[in-house]
Each structure stands twice: as C-alpha cells, then as structure tokens.
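Novice: Letter by letter, the chains look like this.
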Amino acid sequence: MSLWHRSWNWLRDVCRLSRVEHEMDLEFRSHLDAYVDDLIHAGVSPEEARRRARIDFGSLEQTKDDCRNARGINIVEAVSQDLRYALRIQRRSWSFAAVTVPTLALGIGAAAAIFSVAKAAIFNPLPFHEPANLVHIWEGHGHYQRGDEAYFSSARPAALYNWRAQSHSFKNITAYRWRSVLLTDNKQAELVSGQDVYDEFFEVLGTAACRGRTLQASDYGANSPHVTVISYAMWTKRLGADPAVIGRQVSLDRESYEIVGVMPPGFFPASAGRYPELWTPHWANEAEKEDLKTWGLIPLARLESGVTWQQAQTELDLISAHMIQDHPDSDIAGGIVVPMDAQLIGSSWKLLLLLAIAVGMLFLVACVNVANLLLARAVDREREFAIRTALGARRTRIVLQLFTESIVFSLAAGMLAVGVAAAADRGLLAMLPRVAILPRLNSVKVDFGMLVFTGSLTLLVSLAFCFIPLLRISWNREYDALKNEGRVFSATKSKRRLRQLFVVSEFVFSLVLLILGVLLTRSFVKLQHTHPGFNANNLLTFRVIAPEVNYGKFTWGEKDPRRERLYEKIEQVLSEVPGVESVALAANLPFAQNFNASPVLVTGRAPQLKATRPNISEEQSTGTQMVNPQYFRTLGVKLVSGRFFEERDREEASHVAIVNEAFARKFLPNEDPLGREVTVWFAKTIIVGVVADFKIISLDRNPVPEIFWCLRQASPPNVWILTKGKSDPAALGETLRRKIQDVDPDLPVQEMQPMQDVIADSLSLKRVSATLIGLVAVLATVLAGAGIYSVMSYSVRQRRKEMGIRIAFGANRGDVAGLVVGEACRLGVIGSILGCAIAAMIGELATHTVYISPEQASSLTPESLSPAAFIASALFLLVLAIAASYAPARDVLRIDPLLALRDE
Amino acid sequence: MKNQLDLLQGTLDMLILKAVSLGPLHGYGILLRIQQISKDRLEIPRGSLYPALYRLEHQGWISSEWGESDNKRKAKYYHLTAAGGCKFHNETEKWSQMADVIEGILRTRPEEV
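Taken in order, these protein sequences are the chains called A and B.
In the working numbering, each residue carries its 1-based index in the first sequence increased by 304.
In the working numbering, each residue carries its 1-based index in the second sequence increased by 1.
Pulled out of the complex, with its shape left as it was, chain A reads as follows:
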C-alpha cells in the first residue's frame, strides 16, 4: 500500500479523532457482549460470564492504546497534551519566556532582515524572460571573469552593427542609450531619465507590458509616428495612474509622443539604483551604422540557446582578431561579454556577506544565551524527568515533550522576529539606497520567502534547543537523580565544561564583532579627516543638463555653439552674483563620477598598445576631465609649473591640456612635461601646465593620473557647476537657481548640494557598514554581557554548598568570591585569544569589502589589523566579563554556611 494512502488514512483518522475513539469503544463493547452471550449460552452465570470476558479480553485501555499506536494517531494525543503542559510551564515561569523570546526574536529577526535584502538584491530572478541568457556587451579589450568588478565601458553604434552582422552566438543584440528627456506635460518642464532603445530591445529582454504593448518593428523607421512606452512609476506618479493612459499624448523634448504601453513595476533595474522612466524607439540610419564617434551605447544581447557567455566571448574575440587582420587601421574594438546578473549584482554580494557574517554571529550569541538558560532550567527540572522516567515514560515521549516546549517559545520568538525583521528592513532601506552598489532594493519586503526563512530558522533553533536539556538527563541513572537530590555538591565536570564553552563562545563572537566594528569605525573616521587635496569649504555644487531639443545632440569631437554659448552665459551670470567668488564648470564632479579612462600615447615614444583602442585596464590610462579656466582657482588647487587655462585657449587654438603630478610621474618621468604632445581620447594635445595632485575619484584612493582639457574645446551635454562662496554656500542656492532660470527657464538645476555633502555621500558605503556592524556589535556585546552574567550567577547558585563548606572550614570569603571572578577571567582570556585570532582572519575581508584593495589604497587606509583595536576591544570585553561576574561573586560574600548546607 502506498505511503500516500497510509498518510491519507492517518490524516483522516487524526481529523476525526473523537469518532475513531468512539468506534473503537463500540467495537470492543460489541466483542465483549458477543463473548458474554456465548458464555451464557454455554451455561455460565451472567455474572461470571462478564468477569471471564473481561479477563480474556485483557486490559481495555491497553488495547486501545496499542490500537492507536498501530494507526500512529497516538502522537497527536501526546502532542496536544505536551502543548497544554508547555503553555502552562511558560505561564508559570514567565520570566524565562520574557528573556528568551525577545533574545531569540532579535537574533532571528536580524538574520531574516539581511536575508530579505539579499533575496531582493541577489536571489530574486531578474524581471526578464530567462534572465540567465541575457548578457551585456561592453566595447573594449580584456576579459570579464566571474567575481570581477563589473565594467562600464559603453559602445559605439558601429560596434553594435558589426557584432550584429558577424556573430552567431546571440539570438539578437540590441542596445539602449540613456537620455534626459524634457517632459513638458505638466506646467513646469521636468527632466526625466529615459532610454533611447534600438530595435528588438523588448524582444531581447522578453518582458511584456502590463498595459498596452511594448515597441514593435513598425515603430522603428524614419517616418514612424512618435511613440513611447512608460514605466509603472511614471504612470502612477506622474500621470496619476490614468486608466486611459494608452493612446494619451505626452510632450517629450517639445514633440508629441503617443503612449503605447506601460511596463510592470520594477522594470528594469538598468544599474544599481537607476530606473528609466520611459523608452523611445531609436531608428538608426545607414550613416549611424558606421558611427565610430558616438559612445554611450549600452548593448544587451540574448544568447542563442545552448551557448554560454564564455563561448560568445570566444566568438567576439575571433571577430575582432579578423577585423584587426583585415583592417589594421580600423577603429573597431573587441567586445567584453558580461552576464546580466553579474553586471547588476557586481560586488554588492561582498557587503551582504559581511553583514550576513555579522548577523550570523549575533544570532549565535542569542542562541547561546537561550541555550544556557535552557540548560540551567533543565537542571532544575532534572527531578521531574527522573520521576517521569521512573514511572515508565519512554525516552521518545520525553523528547517529544521537550520538543513541544521548545517549539512553543521558538514560535513566539519567530513571530516576534517577523516584526523585528520588518522594522530592520525599513531601517536598512533608509540607509542602503545611498550606497549605490545594491541593486533592486525597492523590492525588499516581508514576503513568503522571508517567512519561510524565518520559519525554518525557528524550527532549526527549536530542534537544537530541545536537545539541550537532554544533555542534562542521565538516562540510566534516574534513580541516582532522585537519590542525589539535595546532596550534589557541585556540577559534574562535563556539565561545567559545557557552560564554560558557552561563555567562551559568547566572548569570541562578540569580540570578533566588536573588533570589526572598531576597525570599520576607525577607518571611517580616519578617512573622514583625510584632506581631499582641494578646498571644499563654501563650495556649492549642482548640475545643469542642456536638453537635446534646445541645445543639440552631443557627438564626440563635435561641438555645438549653442551649448558653448549657454555655458559661457551661465558662467558670466553666476560670477556676477554677489557673494560668489568664482565659478567652476566641469563635465565631472569630484567624488561623484565614474573613472572616465582613456589610454595615453606620448608622441615620440613607441606605443605600448594601440592607442585607438580603448582599454579598460588602468595601467596605461589616465582619467580625463573637462574644466573651465576658473576650475583650479575655485577648488584651490595649486599650479606646480606652466600655466592655467586662459581666455586664449579657444577651440580654434590647438588643443591644450593641463595634467596633474601623478600623470607627469607616470607617463613623463624625469622629463619636463611642459610642451610635450600626448594623444588621449584619439586627439593630440599639448601639455601647458602641471597642477598639484588632488583626490577626484574617492577619498581612499591615491590620486591617479588625470588630464584636464578646457571645457570650451568640447562642450559636454551637461555640466557640473561649482561655486565658491564667501560664506555658507547653501544660502546662495535659491539665488543661483533663479539666475539659471533667467538664462533659460527650461534648464533644470539638479542635485544641488554643498561639496562637503558630496564628499560625505561618497563615503556612505563606509559609513553604513561601520554603523551597521557597530550596531550589531553593540547588540552582541549586550547579549554576551547578559549571558556571561547568567552563567556565572548560575554557577554560583550551583556551587553554593561547596562554597558554604569552604567558608565553614575557614576559607577567606574574598578568596572564595575570587574563584568566581577568576573563572570569568580565565574564560575571558581564552575567548579573547580565540576571538582576536578569528577577527584577524576576517578583518581583512571586512575592510576590503568596504575599502578598496590595498594596492589602490592610499597609505592612510584601511587599518585592517591595527593592534590597538584588538587590544582595546579585548580589554573592554574582559572588563565586561569581570563586571558581569561581580554581582554573582558578591553573593558569595553573603553565603551563610549553615543555611547553604541546610537548605533544599
């Protein structure tokens, strides 16, 4: 008979227990009656017949019990009994529950919170059809390897069309380009973030619209009507969730577009923390298919089924090798295939791993605390179990009872933990979005997956805890337990071992967390006080985007006089504002932008690599910046030699550039850089000045080579403006905004904040990790302190009699109390040594998660293994241990030997 059938029978029986009981009763009675009838028939007196029937049948209750066992329904009865008993016990010793339930809830809840963040950011499948087959293709040389930081090196249209024409590894290849669209639907013009998408974009991603349709082939064409697909967020937030949104016209860049579809929420997480609001079709004409100038394309592709991304990479390598062979002068670079999930997750898993380790330790500390309390209680209940065993209770029955008990309080803790996790998630969500490395955080919520996780953790904990009291029960010596009651002087060695193990492990976990917290906090504070190399005081920064519709499309190497005039006008207008000392314009804002690297070729020297091919390796490359003449003065950067940009550096003059000292050191060592010609970004330029190094990427990196061009020689599509004020820059904000609106009312002023805040924001990952780990460390330390206290005071309670005897024999009370403190100290020292060793091992991991690798790091940071942090943390915990054992030790001083020996 199948297991299924049997389970079904069992379930049916369990569901109608009372009926089963009743039927059993009826059946046995009818058996007895029939027997009695037969006996009477045979001539036995009714009285005697009934007696004999009873005897022959055997014990009615025993038979019933055996029958229940035969059907396996006995366990239900037992569990419901235990459940009632467990609840009664909890009610009786409510203080036990009051301590264990919140402690466990904290541990489980913290773990669940991190789990739900990891689930949203990493484990949840991407909102695409078969996301495993999706890849990004970046233009460049080199290879992506799993575990690498993801690359962001955009492509040019010609590369896209070249791949499309030649490769066979992909089902289809498409691309998108970020664009800022001027939305003039409402009264005020707003700039929204959109994507210009090439054909087959939605086919590659394979996500359907939740209303209307996605883009289709007929939308792409020179004369196709203007259509757009909008995001769910745009529909609900900007268009008021208009039910008649399909077919509605919106004005984008002053042209009317028809909305044809709304994408589902969460589509699509293009990069960490950045969601597009609308998609417009981009039709490429023949000329564009050979465009090798316009960067900024982000290609996406779906792999042919059965093709791995590594195979696709091999094919792209072959294609580029052939290209180089056939057209040595061609400018088409190779492609780097990066799986979509790896691209989106990047290295964020490291931060989550660190948090998971920290929270895991907190969880263990919480568990050890509870385990210790359970153990102590088991000793108190030893007699109860002994009596039950002596009365014939089977071991399984007692184990079942213990399990029911631990389930009861674990369940309470688990339910509380869901609340803790929900609150913790809210806190994390408030902190983490500033750390732009975690993708898809908007989907963090209390969901089924998280409940399952919490539930299984709870179950695991209760299973483990039900075995703790079993350690205490000496099965074969139940009579000893009964006999010995009141005569045991102190706990046996093995039992003390276990408690000592608890103390040591609490010490280890909390010490490791404390050291991590101290390391991260110290590194952070130190970094915060690092000087960036320029004067950030009174600097106000904001961004102005020149909408394409008014100021033309940006193409590399080509400039638009409209944009140029705009920037000049802005510079002039702002410098006239009273209180503004100088105005800097730059394409990139320090500490806010990615490394914009280009290979460097020094004229008159053999090229180390083909300079026309962009290379992502930082070895041979320099950062590139476009700035106005006032830039260095505004930032207070010193000139080392040569000159700053001047008014005569117009685009007609030959390209001139200023480099920093790092550039000079790296590419022109032991030479005078002034007047040298270098090729950067495919253009020749002459160095006219050298400025002092200052930090431009992040505070914890040493300055890298940078080359600065005059902004006028190439006008970027948007600029960052930095104004140096005489006093607090924030006060100037509104005036500056008004001035910009005077220049052009359609120019949005974005992300206005003081430079100090920009710097602070660039440290947010470090701040958040230091805060979170610190918080976890504090919680763990508090729990550990409480745990050590409870172990020590319990130990004193157990050794009361022994100590009473010692005192009675004339031992100094102080010495006896010293025994307690001494034990705490001894355990503390063992724990400190172990904890320091573990912290030394994972301290490296922790700091490298948050800070960059040591090769790139400046000498200031990070302090992965500062001995001071270790010693201070260990000493702190030792003091805590002594403090925690002080109160129990004081109790020793009050022991009255007579009472101690007599009581119980």
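Hints listed in this document are in silico derivations from the structure and should not be mistaken for laboratory results.
Among these hints, one or two may not hold up.
Unchecked claim - Only some residues are given here: those of chain B computed to face chain A with a beta carbon under 10 Å:
1. Gly11
2. Tyr55
3. Leu57
4. Glu58
5. Arg74
Idealized CB from N, CA, C, for every residue including glycine.
With chain A held as given, fit chain B onto it using these hints.
Specialist: Using the frame of chain A, we list chain B on its own:
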C-alpha cells in the same frame, strides 16, 4: 487447554487475512474462526487481535464497515481488500516455502549431512 500452541511471531497477520478471506467477519468472529479452523490448538495472545486488525486496516490490506451481527448487534465487519488478497497470496507462498525448508532441515538425518 494444555495442548494449545503459542502463536509464532508474525503469523497472526496471516491468520487474520486467511480468516477474513473466507468472508467478512467482526473481531470476535475472527477469533472464533481461527480457533475453529485450528481446532482449538492455537491461542491468540490476549489483547493482540485488535492492534493487529487496526494495523492491517491502516496498511490497507483489509477494510471495515459497520453492520449487524447475527444476534442483532452493531458490529464492525472486516473484509479483505484487493491489495490484501495479493498480500495474502504472497505470504502464503512464502510461508509454505519457509515451512518446507525448515522441515527439511529438521528432518535431516546424520548420514545425510
């Protein structure tokens, strides 16, 4: 009563299956039937019949329904299920093989070894 045999371990199930294979019976009836077939030479241990019945029913070899006994009493009648029939057949087969083997062994004379 002295010449009654103790039931061999594990054979009660088989006897019950045999008893009900001859027609639906209630618990007391099964007891009587076994005694009758064995000509009172077997004794079913006290209190072991019902647990065995419940187990067999739980495993699906037999099933039960309420009916009326000869003397107008409500009684639970057990009958063999199709699966139980197969099981009984197999068990019988196995038993006779086993009995053969054991008998062969026990009857072996010294010179045959």
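Novice: Going back to the hint list, which numbers does this structure go against?
Specialist: Result: hint 1 breaks, nothing else.
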